[in-house]
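With the hints as extra help, turn the sequences into a complete structure.
Just so you know, the protein sequences line up as chains X and Z, in that order.
Start counting the first sequence at 3; every next residue gets the next number (my numbering).
Start counting the second sequence at -12; every next residue gets the next number (my numbering).
Mixed in with the good hints there might be a few duds.
[Claimed, not checked] Some chain Z residues near chain X, calculated using beta-carbon distances under 10 Å:
no., residue
1, 2
2, 3
3, 5
4, 49
5, 94
[As the list claims (entries may be wrong)] Under the rule of at most 20 Å between Cα atoms (straight-line distance), these lysine to any residue pairs were calculated in the SDA-like manner:
no., chain 1, residue 1, chain 2, residue 2
6, X, 66, Z, 65
7, X, 80, X, 62
8, Z, 132, X, 42
9, X, 74, Z, 80
10, X, 66, Z, 63
11, Z, 132, Z, 41
12, Z, 123, Z, 137
13, Z, 132, X, 48
14, X, 80, X, 29
No wet-lab data here; the hints were simulated from the structure.
Yeah, the Cβ is synthetic: ideal placement off N, Cα and C, and Gly gets one too.
The chain contents come next:
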Amino acid sequence: MLLRRNVIVMLMSIEIMLNAVNLTFVAFAHYRGDISGNILVFFVMTVAAAEAGVGLALAVAIFKRFKDVNIKLFEQLKG
Amino acid sequence: MMDMPSFLFYIMTFVILAAASSVVLLRNPIHSALALAITMITLGFMYFGLEAYFIAGVQLIVYAGAVMVMFVMVLMLFDLKKEVGQVTKGTIGALMKVLCGMALSGIITWAIRYSSISTELKKPLQNPAEQMAGVKILAVQLFTKYVFAFELLGALLLIIAVGVVAVARSRGGTHARD
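What follows is the structure, given as structure tokens:
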């Protein structure tokens, strides 16, 4: 339990982590009255969305090759 | 333009935590995607309550509107009947994972609680017109102090667009049989 073998669920977990960082930045920006927290959230959101796109493109290519997205099939970095 | 009442904060926190843990714990990836969409939307509401109005809008448009649609589209391409329930089993591994999660939460809480953040109250913004112009304040900072990072972000997005097409295309174009 508590470990997923599906590539898409791993990408979704990465999005959760990036959103957690965003929430931390916005919370501290609100606490200190400083706008710089929101600026960095802007950048982190852009990079996270772009990286989700790249990850999903890789997942599509993996599915075309292996007909499955279980990470056990390519965790040896072979093939 | 006022502070968020506490009961709203607690309700949103409960929804976010429940949805985010469901992403990992549910067995069907489509259910995980739905839980992730709920997380993103409720986070948008939380940003609205934290007076970051532009960031709340961007969160709803970009994350809940574009990233989640991409995830669901890619999930639709896969054959999911084999995927459901592919998790690892074992008690010692599960115990280690729970302990690591608790240790991480403890370290973060300790770092925030015992750091030297000054406890003076922030200066409230002077007039409502200035508060409404949150986008203007953000834009002024973005284009003067952080303009280099902003331009780099544009270049990064261009590179990523080219890279995504290069990785995911089929040989022969759209009418080829692959």
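Holds or violated: residue 132 of chain Z to residue 42 of chain X, with C-alpha atoms at most 20 Å apart: holds (12 Å)
Pairwise hint evaluation, residue 41 of chain Z against residue 132 of chain Z, where the allowed Cα distance is 20 Å at most: Holds, at roughly 18 Å.
Pairwise hint evaluation, residue 48 of chain X against residue 132 of chain Z, where the allowed Cα distance is 20 Å at most: Within the cut-off at roughly 18 Å; holds.
Holds or violated: residue 80 of chain X to residue 62 of chain X, with C-alpha atoms at most 20 Å apart: Roughly 17 Å separates the two Cα atoms, so the pair holds.
Pair hint residue 123 of chain Z and residue 137 of chain Z, alpha-carbon separation not exceeding 20 Å: holds (16 Å)
Satisfaction of the residue 2 of chain Z interface hint, Cβ to chain X closer than 10 Å: violated (13 Å)
Residue 66 of chain X paired with residue 63 of chain Z [C-alpha distance capped at 20 Å]: Roughly 14 Å between the alpha carbons, so the hint for residue 66 of chain X and residue 63 of chain Z holds.
Chain X contact restraint on residue 5 of chain Z - CB to CB distance below 10 Å: violated (13 Å)
Chain X contact restraint for residue 3 of chain Z - C-beta distance below 10 Å: Nearest chain X Cβ about 8 Å off; hint holds.
Distance restraint between residue 66 of chain X and residue 65 of chain Z, which requires alpha-carbon spacing of 20 Å or less: holds (10 Å)
Restraint check for residue 80 of chain X with residue 29 of chain X, where alpha carbons must lie at most 20 Å apart: Measuring from Cα to Cα gives roughly 43 Å; hence the hint is violated.
Status of the hint placing residue 49 of chain Z at chain X (closest C-beta pair under 10 Å): At about 5 Å, which falls below the 10 Å cut-off, the nearest Cβ of chain X leaves the hint on residue 49 of chain Z intact, so it holds.
The structure does not agree with the numbered hints 1, 3, 5 and 14 stated previously, though it agrees with the rest.
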